[in-house]
Structure formats: structure tokens, C-alpha cells
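Chemist: Protein chains in written order, with my numbering: chain A, 14 to 214; chain B, 14 to 143.
The set of hints was computed from the structure by calculation and includes no laboratory data.
Accuracy of the hints is not assured; some may be wrong.
Stated by the list, open to error - Not close to chain B: a few residues of chain A, all C-beta gaps over 10 angstroms, as computed:
hint : residue
1    : 16
2    : 18
3    : 29
4    : 50
5    : 97
6    : 103
7    : 138
8    : 160
9    : 167
10   : 169
11   : 184
12   : 187
Unchecked claim - A partial selection of chain B residues facing chain A, derived with a Cβ cut-off under 7 angstroms:
hint : residue
13   : 27
14   : 47
15   : 119
16   : 122
17   : 141
In this text, a Cβ means the ideal position worked out from N, Cα and C, and glycines have one as well.
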Amino acid sequence: MGVRIPIGTVRIVLAVIAAVIVVVLIFIVGAVAHSNEPIATANPAQMKVQQTAVERDVERAYEQSAQQITKVRALNLAISAAQADQIATKAITDLRTLRHSAFQSLGQITGMAAAEAEAYSTTTETRFDQAPVSRQTASPSPVLLAPRFYAVVSRMSELATLIADQATTQLTAPPPSASPVPSVAPSPTARPSASPSPTRP
Amino acid sequence: MTLVRVLVAAGAIALGALLGAAVDPQSLPFVGTERISAVFLLDGQAYFGHLEDTPFSGTIVLRDVYYINDASKVTTDLPVGLLKRGNELHQPVDVMYIRRDKVLAIERVTPGSPIGLAIAAQRSLDRTAK
């Protein structure tokens with residue numbers, strides 16, 4: 014004695030099953046399509062353009078900050094020449110170290126091993142020391158950097174500016190006074206400042 | 014019965030035409046090129062990434078998102094920099110839901126454009142890092 018199922022019910026069940034199968038297939042096809050979506054990558058020539066732009070940008074940050082320190086050092090400062098030289102030399106050394114580190118990071122980002130990146134950094138520094146960006150006449154077409162490249166340049170700019178600003182502050186600081194006690198009788202005539210106030214670029 | 018078959022065939026043709034119009038042959042899986050969209054919002058912000066524009070949804074979905082940042086204080090050639098979304102303080106996952114009524118325009122990014130090249134370079138760097 015079997016159970017009789019109306020043919021209409023069977024059709025409805027079959028239709029529902031078919032609909033579910035179709036929906037599942039759509040999701041599977043969508044997932045497969047999504048995972049195999051074409052992804053564009055840059056070719057070596059395009060990567061070289063980006064890398065060259067990063068080198069230029071890092072060098073530009075170095076040169077701008079070094080130039081700022083040199084300009085401030087050239088002013089008639091309140092501190093002694095020896096002190097000023099010491100501050101300026103230290104700041105330039107810091108900038109060179111920073112530039113070296115930036116080029117090294119760039120090398121490592123582009124897939125170089127540590128030793129290879131070190132050699133690349135030294136070579137690039139030498140190249141720019143011989144032909145600084147500020148003296149190059151031909152202006153290459155501007156390049157929008159990839160985010161990881163941009164991060165290197167951004168960090169370099171930030172730290173180079175910081176070093177240059179710190180050196181400027183130290184160089185233009187007033188000389189340490191012998192006694193901070195104010196004088197009893199104020200001077201009747203106003204005296205001009207001992208050092209000219211430098212202007213920051 | 015004949016009428017039902019005609020209606021089913023007409024429906025299938027209409028559905029095919031609708032889907033065919035929505036599919037870009039240039040961006041088909043396995044064979045096409047990458048399709049990056051630029052989504053411009055009413056507040057002036059622009060985001061770039063893979064767009065999923067589902068009909069009848071109040072939001073659009075953007076994956077693998079990049080955006081432009083002010084770089085006027087950075088010594089780059091251009092006064093703007095491209096950033097990949099995900100490094101913010103809340104480190105969002107790689108999907109962004111945007112309210113449809115806040116969208117001003119959606120455009121396709123040319124692969125050879127500065128944005129397209131920068132994103133392609135980022136992909137190459139990501140592959141190198143892996």
C-alpha cells in the first residue's frame with residue numbers, strides 16, 4: 014500500500030529543487046569567476062620607471078633638507094662657528110644615513126637580498142652625489158607612485174624635514190647666557206639683536 | 014502549451030540580452046583584462062577598486078580599494094599620492110560598502126593611466142613580497 018503523491022506536488026518539488034540547483038550554480042560560477050578575475054601587474058619596464066621616480070624623490074628630499082641646513086649655516090649665527098659646524102655636520106651625516114636607509118628599503122621592496130640592497134644603495138648614492146637631482150636640467154614626466162613606493166618617499170620626506178628643522182632650531186638658538194638673573198636697572202636704549210633672525214625656506 | 018513555450022523562450026532571450034549587456038567581454042575571467050573602477054562620491058573623495066554593483070541594492074561594493082592622498086609636503090613628482098585602504102587605524106578589511114545615494118559618478122580606470130600603472134606596480138610589489 015503506497016502513498017499517492019499528486020503529480021502537481023511532484024512538479025512543484027522538482028521545480029524547487031531545480032531552482033535551488035540553479036542558485037547554487039550561480040554562486041559557484043560567481044565564486045570561480047571572482048577568484049579568477051584578471052589582475053594586472055606591472056612589467057619590468059614600468060617597475061623601472063617607478064623605481065627611478067622613487068630614487069629621484071628620495072634624493073630630492075635629501076637635497077632639499079641638506080640645502081636648508083647649508084643655507085642656515087651660512088648665516089651669521091649667535092652660536093660659535095665650531096658649534097654651528099658640529100650641528101650642521103651631524104645633521105648632514107644623519108641625512109646621508111637616512112638616504113642610505115631609504116635606498117636600502119627601496120632595494121629590499123623590489124626583491125633584492127640584503128647584501129644586494131646595500132650595494133644598490135651605495136651605488137645610487139654615489140650616482141646622485143656626482144649628479145644631484147637639483148642640477149639636472151631635464152625634467153622627467155611625473156610618476157604616480159605605487160603605495161609601497163610612496164610610503165618610502167613619504168617617510169624619507171618626513172624624517173629629512175624633521176632633521177633639517179631640528180638643525181635649524183639648534184643653529185639659530187640664542188647663545189647660552191651667563192646668568193639668567195634680570196638686570197636691576199633697565200637699559201634706557203634698546204639694543205639690536207646680536208644675530209639676525211634667519212628666514213626658513 | 015505552445016504559448017507557454019513561446020513565453021519561456023522569450024523570457025530566456027530577454028534574460029540573455031539583459032545579462033549580455035551587463036557583461037564586459039574585456040573583463041571576463043581567464044581571458045579579459047582587469048577592470049578597475051573609480052567611484053567619485055558627493056563629498057569629493059574618490060576610491061578606486063573592483064566594483065560590485067548589485068541591482069536593487071542600496072549599496073555598491075568596492076574591493077581592493079585605493080584612494081588619493083594629499084602629498085604636497087612629500088617630495089614626489091605629483092602633489093598627490095596613492096594609498097591602499099587597509100592601513101588606517103581601524104585597519105578595515107578589503108571591502109567597502111558605499112551608499113548608492115552618495116555616489117556622484119562611476120568611471121572605468123584605463124590600465125595605462127597613472128592610477129592604473131601605480132596599482133599594477135603595487136600588485137607586482139605584493140607578488141615580490143610573497
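Chemist: Each hint: holds or not?
Modeler: Verification of the supplied hints:
1. No Cβ of chain B approaches the Cβ of residue 16 of chain A within 10 angstroms, the least distance being about 30 angstroms, so the stated non-interface status holds.
2. Separation of residue 18 of chain A from chain B is adequate, the least Cβ-Cβ distance of about 23 angstroms exceeding the 10 angstroms criterion.
3. With a cut of 10 angstroms on Cβ distances, residue 29 of chain A stays outside the contact zone with chain B, its closest approach being about 18 angstroms.
4. Non-interface status of residue 50 of chain A relative to chain B is broken: a Cβ of that chain comes within 10 angstroms, the nearest being about 6 angstroms off.
5. Taking the minimum C-beta to C-beta distance to chain B, about 26 angstroms, the non-interface status of residue 97 of chain A holds against the 10 angstroms cut.
6. No Cβ of chain B approaches the Cβ of residue 103 of chain A within 10 angstroms, the least distance being about 22 angstroms, so the stated non-interface status holds.
7. Distance check on residue 138 of chain A: its Cβ is at least 16 angstroms (rounded) from any Cβ of chain B, clearing the 10 angstroms threshold; non-interface status holds.
8. Distance check for residue 160 of chain A against chain B: the nearest CB is about 4 angstroms away, which does not clear 10 angstroms, and the non-interface claim fails.
9. Under the 10 angstroms C-beta cut-off, the non-interface status given to residue 167 of chain A relative to chain B is violated; the minimum distance is some 5 angstroms.
10. At the 10 angstroms boundary, the C-beta of residue 169 of chain A falls inside the reach of chain B, the nearest C-beta of that chain being 8 angstroms off.
11. Residue placement check: residue 184 of chain A keeps its beta carbon more than 10 angstroms from all beta carbons of chain B (closest about 22 angstroms).
12. Its beta-carbon lying about 29 angstroms from the closest one in chain B, residue 187 of chain A satisfies the requirement of being farther than 10 angstroms from that chain.
13. A distance limit of 7 angstroms between C-beta atoms decides the matter here; for residue 27 of chain B the minimum to chain A is near 17 angstroms, and the interface restraint is violated.
14. The closest approach between the C-beta of residue 47 of chain B and any C-beta of chain A is roughly 4 angstroms, which is under the 7 angstroms cut-off, so the hint is satisfied.
15. For the restraint placing residue 119 of chain B at the interface with chain A, the shortest Cβ-Cβ distance is roughly 18 angstroms, beyond the 7 angstroms limit, so the hint is violated.
16. Against a cut-off of 7 angstroms between C-beta atoms, the interface hint on residue 122 of chain B is violated, since the closest Cβ of chain A lies about 10 angstroms away.
17. This hint holds: residue 141 of chain B has a C-beta 4 angstroms from the nearest C-beta of chain A, less than the 7 angstroms allowed.
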